[in-house]
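K.L.:
The lines below spell out each chain.
There are 2 protein chains.
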Amino acid sequence: MLDDQVTEDVLPEEGDYELDRDVFGPVKAALDSGNAGALALALEPLHPADIADLMEQLSDDDRTEFVRLYGSGFDGEILSELDERLREDVVEAMEPEVLAEAVRELETDDVVDLIEDLDDPQAEAVLDALDDDDRVVVEQSLSYPEESAGRLMQRELVAAPQHWNVGQTIDFLRSQTDLPEQFYHVILVDPRMRPTGYVTLGRLMGSLRATPLTAIIEESFRTIPVRQDEGEVAYAFNQYHLISAPVVDDDDRLVGVITIDDAMGILDEEHEEDILRLAGVGEESSLTDKVIETTKRRFPWLAVNLVTSILASLVIAQFDAVIAQFVALAVLMPIVASMGGNAGTQSLTVAVRALATKDLTTGNVWRVIRREAIVGLVNGVIFAVVMGVVGVIWFSTPMLGVVIGIAMVVNLVVAGLAGVMIPVTLERMDIDPALASGAFVTTVTDVVGFFAFLGLAAVMLL
Amino acid sequence: MLDDQVTEDVLPEEGDYELDRDVFGPVKAALDSGNAGALALALEPLHPADIADLMEQLSDDDRTEFVRLYGSGFDGEILSELDERLREDVVEAMEPEVLAEAVRELETDDVVDLIEDLDDPQAEAVLDALDDDDRVVVEQSLSYPEESAGRLMQRELVAAPQHWNVGQTIDFLRSQTDLPEQFYHVILVDPRMRPTGYVTLGRLMGSLRATPLTAIIEESFRTIPVRQDEGEVAYAFNQYHLISAPVVDDDDRLVGVITIDDAMGILDEEHEEDILRLAGVGEESSLTDKVIETTKRRFPWLAVNLVTSILASLVIAQFDAVIAQFVALAVLMPIVASMGGNAGTQSLTVAVRALATKDLTTGNVWRVIRREAIVGLVNGVIFAVVMGVVGVIWFSTPMLGVVIGIAMVVNLVVAGLAGVMIPVTLERMDIDPALASGAFVTTVTDVVGFFAFLGLAAVMLL
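Taken in order, these protein sequences are the chains called F and E.
Those letters in the first sequence? Residues 1 to 462, per full-length UniProt numbering, in order.
Those letters in the second sequence? Residues 1 to 462, per full-length UniProt numbering, in order.
Heads up, some of the hints might be wrong.
Same chains, same label: a pair holds when it works inside one copy or across any pair of copies.
As the list claims (entries may be wrong) - Straight line, CA to CA, 30 Å or less: simulated DSS-like cross-link-like pairs of lysine-lysine:
#	residue 1	residue 2
1	K28	K290
2	K358	K28
3	K358	K290
4	K296	K358
Derived from the structure by calculation, the hints contain no laboratory data.
Here chain F stands alone, though its shape is the one from the complex (with noise of 0.2 Å):
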C-alpha cells in the first residue's frame, strides 16, 4: 500500500541532477508529433520544477506547444517555478480555465510572486480566478513595495497568547481544522497582536504540559520590518540561522511570516544578479531571452566600454611621436594594461563580494586598502622583473625593459588601490559597486597602463 503512495525520486549516486536526454527523447516526440498522452507519460516523474526548466529549454513554438498539449495537467507550481521572463508568454497560452484551476493550487505567497512579472490583463486574469478571501490577501501583498518582506512573507501562521503553556498550545493546535501545510514555530504573542518570541513544534512536542512557552522560546529570535529590503531579508536568515521569521508592520503587530525556503531563492537571485552586474550583463539576463532582449541589454554595457577605450586611445594619441619611432612600444603597450585590468578585477571582485556581506565595513577599509596596494607592489615587481627581461630579450633595447618594468609596478600598485577604493566610493554614494566599479576601475588601469608606460618611454627613450 505504501509504496503505490510513496514516489521517491532516485537521485543517481554521484548525485547530478542535470535534465539529460532521456527525458528530453520522449518530450521532444511528444510534441512533434502531437500525443497528449505521451507528454504526460514522460512528464509524470518529474517535480515541477524540473519541468519548469524542461520548458525554459524549449524554442519558444515547442513551448507554445507544450502548454497546449499538456493542457489541464498543467500544475500551477510549474508557473511559479518558471523563468519571470517566460511567465507572460506561458500565461497567454494557457485555456483560461487552465489558468484558473492552476493558480487555486498555489499559496497566496507564491500568486503574489506571478502576478508580479504579469502584464494587466493577465494579472487581472490571474486575480479574477482565485476566490475572494485569497483575493484580498494577494491584493494586500502587492501593496507592500516591490522586492520587500511584505511581498514575500505568507499569511497563513501560527500564534498562541504568550502566556499559555504547553498542554494548552498543543491542545489547541490539535483542535484547529485548518492549520497551514508548512509551519515550525509557533509564534508568541501579547495582547496587542506584537510577536515576543517564538517555540519550535520540536520543542513543544518535547515539553511537559505544564511548561510555560516563554521557557522554552527560541534565543535567535528576530522580527522582520514588513518594509525591509528582501535582499536584507535573506542576509538575516543565512546570518542567524532562522528557519522561519515573523514580519510585523509599522506598529510592531504580527503581519506574516517568511520561511527559510523562500529566503533562500532570494539569496540565489542576489547572487546571480551580483555576477551578472559585475560582467557587465543587465541584472536579469537569462538564457530565455529573445536576441533583442539580449542585444538591448548587453549594449549599454559596450557602450560605456567604446567610452572608456576610447578615452585609452586618447591618452595613446599624444604619445604617437614616440611610438612611430619606437614601434615596439605599440607591441608591448597591452600587455602593461591588460595586467593591470586583470589585477584591478581580483581586486574589486573581493572588495564587492566583501560589502555585499558586510565585511568591509568602516573598521577595515584602510587595512584592507593597504593590504591591496602592498599586494600590488609585491606582484607588480615580479613580474616587473620577467617583463623587463622579457622586453630586453625580444627588443635588446635595456632601457626598454626599465621601463615596461617601472610601468608594471606603478599599474599594479593603482589597480590595488582602484579595486577597493572605486567600489567603497560608489557603496559610499548609494551606487550598487556591483554594477558600475567594473568599467571605472579599467578605465583607470587603461589610462595610468598606456600613460606610464608611453610617459615613461617618451623620457627615457628619446
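Starting from the structure of chain F, add chain E where the hints point.
P.N.:
Just chain E, lined up with the frame of chain F:
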C-alpha cells in the same frame, strides 16, 4: 517576566545589518584598555555570527587580545561562524579549558565543520574536549569525503515505523526526553531502516489520531546519498524546496539528516567561489587573508594573463611595419580588443551561470550558441558604424573607418561564440568553467581582435 527572558534584537526600519561604529568603538576601546568587563558588555547584545564578523575585521594583534580578554565568555558558536582561515589562529590563542567548554556546546555537525579546517594537533585538542559518544559520531562523519553530504548531516534525527498512525507518533514524541533541538519532520522508515517518506510536524499536529502516517506524507520526498557532493545537495534543496532531507548510505539506510539552513550556507559558499573564480581570484580568497597569502593566490592568474597578453603582443609584432607607417593603428587597436573582451565576458558569464544552475544543457546549447552569434553580429554592426565614423573623423582616412568597422564585427561575433563554446567545452571535459573560461575567452578576443584589425589594415591600407 517575559521581558527578562527575551532579548529581541531590534532591527532598524531600513533594515541594514551592517556592524557599525557603535559596536566597533566600544570594542576597540575595551581592547586598547584591556578592560574585560567593558568588552563583555559591548558584545552582550550581539549574535555569535555578528561577533565572528567583528573578529574578522580586527587586526591580527587585536584579535589575539580579543580572545584573551573575552576568555570564558567565548561561545562555541562564534568559532563555527568564524571565517575558516582565522579559526586556526583563534583556536591557537584560546586557553585549552575555554576551547573545551566552547566545543562541548556545539552540535556534532558544527564540530565536524570546525575540525575540517584545523591542523592535526588542534583538531586533536578539539576532539579531546568531546564526550566519548560525540567523539565517535564526529570521527564517523570525518570518514566521509570532504564536501560530501556525510560531512554536512547531523546524526540527531526522529524516525518512526511507516505503519504507525498519528496518535502513536505523537505519543512516542511526547514520551521522548532527548529529542533533537531542531527538527521539522518525522522520517518514516521500513523495517530495514530505509526511509520511505516523511511527515511534517505541522501536518502531524493538525491530523486526527487514527490517521495513518502514510496518508499525510509530503509529496516531495527525496533522500540524499551520503557521498553526494555538497553543491548538489544545496541545488536539490533550492530546486525542490526541501526543508530537511534524510541522508542514506550505499544500502539506502537512514544515517542522518540535512536541514535547509546548512544547505543555504553551502549555496552561499558555492556562489562566492564562482564569483571569485570568474575574477581569477583563488576561490577561497577572503578579506582576512594576509598579504603573503593574497599575493600567492592572485599570482597564478596574473601569470596566466601575462602569457596570454604576450601571445597577443606576438600577433601585434607581426604587423610592426604597418604600424610604423600608420601610427593611428596603434592608437585604435586596443579598442577592438577591449570591446571583444567585454562582449566575450558578457557571454561567458551568462553561460557559466547557466551551466551552474543546469539551465544550459544538450537540449538548448545550439540555440544559445546561435543566439550569442546573432547578438554579437547585431551589436558588432552598431559599434562598427559608430567606430567607423569616429575613425574617419579622427584620422580623416575613410579606409581606416572601414577596417576598424569590419574588425569590430568579426571580433564581437567571435566573442559571442567563444563565450558560450569555451565554458561548455570545459564543462564537458570536467574542468570547472568558472575557473578557466575567462583566460581562454580573452585570449581569443585579444588575438582575433588584433589580428583582424591589423591584418585588414595591412591588406586594405598599404
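K.L.:
For each hint, tell me whether it holds in the structure or not.
P.N.:
Cross-check of the supplied hints:
Taking the shortest alpha-carbon separations for K28 and K290, only the intra-copy value of 21 Å comes in at or below 30 Å, while the best inter-copy value is 54 Å. When the C-alpha separation of K358 and K28 is checked against a cutoff of 30 Å, the pair qualifies only between copies, where the shortest distance is 19 Å, while the shortest distance within a copy is 46 Å. Taking the shortest Cα distances, K358 and K290 sit within 30 Å of each other only across copies (19 Å), while inside one copy they are farther apart (36 Å). For a Cα distance limit of 30 Å, the shortest separation of K296 from K358 across copies, 25 Å, qualifies, whereas the shortest one inside one copy, 32 Å, does not.
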